[in-house]
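Undergrad: Sequence:
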Amino acid sequence: MNKQLIILGTIGLITIVGAGAGGAIFAANNDFNTNTVSKSVEASKEPKQEKVNINGWKSESGSWYFYKDNEKQKNWIQDKNSWYYLGADGKMRVGWIKDNGVWYYLNTDGTMATNTTVDNCYINEKGTIEETPANSQNSAKTDDSSNTTKSKYAVTTFEQAKQIVLREDGAYIKKLADHGTHIQLTPFNDQDHIADGSSYGFPTEEFFTLLIDEYSNSTGEMEFESGEYLVGKESGNVYILPHQGCFSAYQIKNNKVAKEFRWPGKDEDPHHSWR
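Mind the numbering: the sequence shown is residues 1 to 275 in full-length UniProt numbering, read in order.
These are computed hints drawn from the structure, not numbers from a lab.
All clues stand as given, with none of them false.
Simulated pairs of lysine-lysine, BS3-like, Cα-Cα distance not exceeding 27 Å:
#	residue 1	residue 2
1	K256	K174
2	K259	K175
3	K58	K74
4	K72	K98
5	K259	K233
6	K72	K175
7	K233	K253
8	K74	K91
9	K98	K80
10	K174	K126
FRET-style restraints, in silico, Cβ to Cβ:
#	residue 1	residue 2	range
11	D99	K68	15 to 23 Å
12	P203	A88	46 to 54 Å
13	T186	C246	19 to 27 Å
14	S61	A154	35 to 43 Å
Because the structure is a prediction, the values reported are computed rather than measured.
For each residue, glycine too, the CB sits at the ideal point set by N, CA and C.
Could you build the full structure based on these sequences and the hints that come with them?
TA: In structure tokens:
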């Protein structure tokens, strides 16, 4: 009888111990699974990095591209009231191009030329070539007869002044645009700027004034004014002035400094050539 009790007690003890161990193992596994699920949920709650959209102008390897929602645009695009042409590779084109059998001229900043003469071809407001002789655009009728009187000015419009600047100093403008910006030559009417030219000792004549405005390619906002061009209405000469005093001004011809005009004030920095 005692032996039976001992055997039964031993079996019961083993059963209890086994059940306890199994419960501990189950609890450990359950805790592991719970922690794993918890960590997975926490990981899924981590914020995802949003993809940054590229829009507007972007310079890549010396060429300009125009993006819309990260995609390079092609063919004609309009930006800030100017037309640009992008090739099949997305690159901004300059110079003469032929599209659908029609010739267009793109300035050094990529804008489509209008109301001007290029290579003896008159380009109208639509950007296409007219057969009308270019010199007839500079004449004004005095009556309904065929007699005409020519303007005393060689340069009669801001657009003509702009084309002269792009021809004479296009290389410098392109260099300015390599800093993640694009350049816009903004017409500016202010008689004070004529006085500025006189103070530097420019030859006496009337000028067209074009501000050199730099716009950010990423935001499209104007960042700053780099300076200004004066174009002589009679002579067609191009002068560039700094955005502030104390520095020299220059006459530009064929993308080179033709003449330097020193700042007349005593506060000039003689060792600084900003151009």
